[in-house]
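Just add 622 to the spot in the sequence shown (first one is 1) and you have the numbering used here.
Among the clues, some could well be false.
What the hints assert, rightly or not - Computed cross-link-like contacts, SDA-like style, restricted to lysine to any residue with a CA-CA straight-line distance of at most 25 Å: (1) LYS824 to GLU834; (2) LYS824 to ALA837; (3) LYS824 to ALA840; (4) LYS824 to HIS963; (5) LYS824 to ARG698; (6) LYS824 to VAL687; (7) LYS824 to VAL807; (8) LYS824 to LEU691; (9) LYS824 to MET699.
Hints are computed from structural coordinates only; laboratory data are not their basis.
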Amino acid sequence: MTITSRRPALWRDQRFVLLASARTVSVLGNGFARVALAFSVLALPGAGPGELSLVLACQSLPQLVFILLGGVVADRMSRSRLMVVADGVGAFAYAGLAAMTLTGHAPLVPMCGLAVMAGLATALFAPAMDGVVPLVVPADRLQRANGVLRMSTNTCLFLGLALSGVVVAWVGAGWALALNAVSFVVSAVLTGRLRLPARPVKTSSVWTDLREGWAEFASRQWLWVVVAQCTAVVAVFSATLGVLGPLEAQRHLGGAGPWSVVVAAQALGAIAGAGLAARVRVRRPVLVAVVATFPAALPMVFLSVSAPVWLTAVAAFCAGVAGDVFNVLWSSTLQREIPEHVLSRVSSYDLLGSLAFAPLGLLAAGPVAQSAGPSAALAGCAAVVVLATLAALASPQVRGVRHSASPLPASAAVRDQAGEEVAR
């Protein structure tokens, strides 16, 4: 592993600056929305945990249901244009939620409908975003670009979450939701200026496109093996962060205050990890990415044995660093190794597989903790991380994929055309 030299020219690329600015603004707004949406629902007459769970489920479920369709659409039309459409849908959804909250007329059913729209926007945006980066950045700059993007978005998410409570308390949940709607509009304007060209017209059916994307996905052992690993790891990580960690913190760490320190340490680690990943060069990126999954088990272990808060926070920081090293190396490898014309579809299968069991992890965490105890459940989660990672390392392709900086011909051709569009 080597550290690459700093290359400031990346920030002189107009397209990259537009993309990074759009993501930064949007993620900052989403940080506000996570807290604001919860408080806007809880402010409804008679609302409680059940109503909040329903609205959040309405937001998260479409992200899984429509993610494959998002990949197909992103490979059929200009990805930047699709991102603008997705931002528009998100802006409409959060503007509607803000209006209902501010006026005090917020029936549960319309709120659920707007939450579905917000989830649909994410399903359309995510595969397109994964496919846009290699059209904007040369192949030899992909890892650095992904690292910079992750570092800036992680920082903004951290700031958004940290400031959201103050904003909600100061101006109210409705205005915080309105700020998020404005962030979507700003993101759409910036993304629209990328002016990536339209894609060739396709006459094939959606089903045919899905099968083509699946064939590309399934033909690479390293790809589906790591996605299977992530399916297990993300499920237990979601259970830890959403249910088991807070339960254990309430029992032995002192409650919400110490737990917020642990969560903040993990978020700061993610920022540092993205910055590190932007500068390192590894010969076997998939192997290093998979090995970097091991530290995710550390906070689970320390929580299970009721370790001091500072030690658990250090473990969470290390897990955050390693987690974003994985994310940057993984995204860059996909963008280099997958043909550009199917990249968004392959990315959608990646996202679907990785997130498929996250809701199940959240649902199962409570009953398992009740029957076996939070400590035993956390120890089991740590074991799942270790075993899934060891299983992934058994794949020869996971150990064998090597870094290649040579751009795929299709990606280079479209990127050049995009440059001509911006220059006009």
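Now the hints, each set against the structure:
no. : hint             : result
1   : LYS824 to GLU834 : 13 Å, holds
2   : LYS824 to ALA837 : 18 Å, holds
3   : LYS824 to ALA840 : 23 Å, holds
4   : LYS824 to HIS963 : 11 Å, holds
5   : LYS824 to ARG698 : 7 Å, holds
6   : LYS824 to VAL687 : 23 Å, holds
7   : LYS824 to VAL807 : 30 Å, violated
8   : LYS824 to LEU691 : 15 Å, holds
9   : LYS824 to MET699 : 9 Å, holds
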